[in-house]
Amino acid sequence: MTVSTTEKTLNYIVLGLFALFAITPIITVILTALGPQTRVQTGGLHFENIVDAWNIGQFGPALGRSVMVALLVVSSALLLSILAGYAFGTMRFRGSTVLFYLFLLGLMIPAEAIIIPLFFDLRALGLTDTIWAVSLPQIAQSVAFGTFWMRAQFRALPPNLIEAAAIDGASGMRTLWRIVVPPSMPSIATVTVLMFMWTWNEFLIPLVMSPGATWRTAPLGLAVFKGQYTADSALIASAGVIIAAPIVVVFLLLQRYFINGMLEGAAKE
Numbered sequence: 001m002t003v004s005t006t007e008k009t010l011n012y013i014v015l016g017l018f019a020l021f022a023i024t025p026i027i028t029v030i031l032t033a034l035g036p037q038t039r040v041q042t043g044g045l046h047f048e049n050i051v052d053a054w055n056i057g058q059f060g061p062a063l064g065r066s067v068m069v070a071l072l073v074v075s076s077a078l079l080l081s082i083l084a085g086y087a088f089g090t091m092r093f094r095g096s097t098v099l100f101y102l103f104l105l106g107l108m109i110p111a112e113a114i115i116i117p118l119f120f121d122l123r124a125l126g127l128t129d130t131i132w133a134v135s136l137p138q139i140a141q142s143v144a145f146g147t148f149w150m151r152a153q154f155r156a157l158p159p160n161l162i163e164a165a166a167i168d169g170a171s172g173m174r175t176l177w178r179i180v181v182p183p184s185m186p187s188i189a190t191v192t193v194l195m196f197m198w199t200w201n202e203f204l205i206p207l208v209m210s211p212g213a214t215w216r217t218a219p220l221g222l223a224v225f226k227g228q229y230t231a232d233s234a235l236i237a238s239a240g241v242i243i244a245a246p247i248v249v250v251f252l253l254l255q256r257y258f259i260n261g262m263l264e265g266a267a268k269e
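Per full-length UniProt numbering, the sequence shown starts with residue 1, numbered consecutively.
If you are wondering where the hints come from, they were derived from the structure by calculation, not from laboratory data.
This one's a predicted model, so the numbers in the text were calculated from it and none came from an experiment.
Take the hints with a grain of salt, since some may be wrong.
Stated by the list, open to error - Per label pair, the in silico range of CB-to-CB distance:
no., residue 1, residue 2, range
1, 11, 110, 35 to 41 Å
2, 120, 156, 22 to 28 Å
3, 214, 12, 48 to 54 Å
4, 51, 171, 49 to 55 Å
5, 109, 18, 30 to 36 Å
6, 174, 120, 51 to 57 Å
7, 42, 109, 51 to 57 Å
8, 120, 47, 44 to 50 Å
9, 91, 211, 39 to 45 Å
Built from N, CA and C at the ideal position, the CB exists for glycine as well.
Throw the hints in and build the complete structure from the sequences for me.
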């Protein structure tokens, strides 16, 4: 199909406007973070705001706890999602449809609806104020979405890949990790970034499951910092940049797989 010059120009204009709409808040936060603090009258870029926010807010321990929670949640949920998605996407067994719908309940029930009874259950088990109380509910939430995501990906793979592996005598696990997972890396990378982002930004579960603030994560630390320095927008924006930086780093590390996935989709079209 031939696309005229006018259509191309309109496409670029529309995409440019959407890109500008998306990037404007990010640029605003960065410029605010590098602007002068309330007590500072000099102009220019103030990179020392990042250092001041880090030292005043003592974000080091909170970021460390967030990293540990995110690593535990993402690694566990990703492994379970791949295994469950492989079973639902490539195997046919009795009750698979009903069992898959049970997984989908995790997407339909909001955390706010179950957080209070879940807190009492975990407290009865002596798990509150531990990494498990903060991580286990998030693992369950991520597995629900991850299973749905990976099932769709595995079902889209050519059936002859799995059939050829079975003919060659490969076991189910060997077929999964050697045949099925490599071409699915763009989808796995995408769900990894989503899980990490959701876990990193989670506020309610750490707040409720750690009443003693033993496992206060980065978003909770940012909320406390904002309550102490509400008047100084430069420090608040600098703290926001500190908290958001790990998500940007993870995305940059995995962006190659996003690009490969888009190129593969375009080639198929």
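For each hint, the structure was consulted:
{"no.": "1", "hint": "11 to 110: 35 to 41 Å", "in the structure": "holds, 38 Å"}
{"no.": "2", "hint": "120 to 156: 22 to 28 Å", "in the structure": "violated, 42 Å"}
{"no.": "3", "hint": "214 to 12: 48 to 54 Å", "in the structure": "holds, 52 Å"}
{"no.": "4", "hint": "51 to 171: 49 to 55 Å", "in the structure": "holds, 54 Å"}
{"no.": "5", "hint": "109 to 18: 30 to 36 Å", "in the structure": "holds, 33 Å"}
{"no.": "6", "hint": "174 to 120: 51 to 57 Å", "in the structure": "violated, 43 Å"}
{"no.": "7", "hint": "42 to 109: 51 to 57 Å", "in the structure": "holds, 52 Å"}
{"no.": "8", "hint": "120 to 47: 44 to 50 Å", "in the structure": "holds, 47 Å"}
{"no.": "9", "hint": "91 to 211: 39 to 45 Å", "in the structure": "holds, 43 Å"}
This entry does not satisfy hints 2 and 6, going by the numbered hints stated previously.
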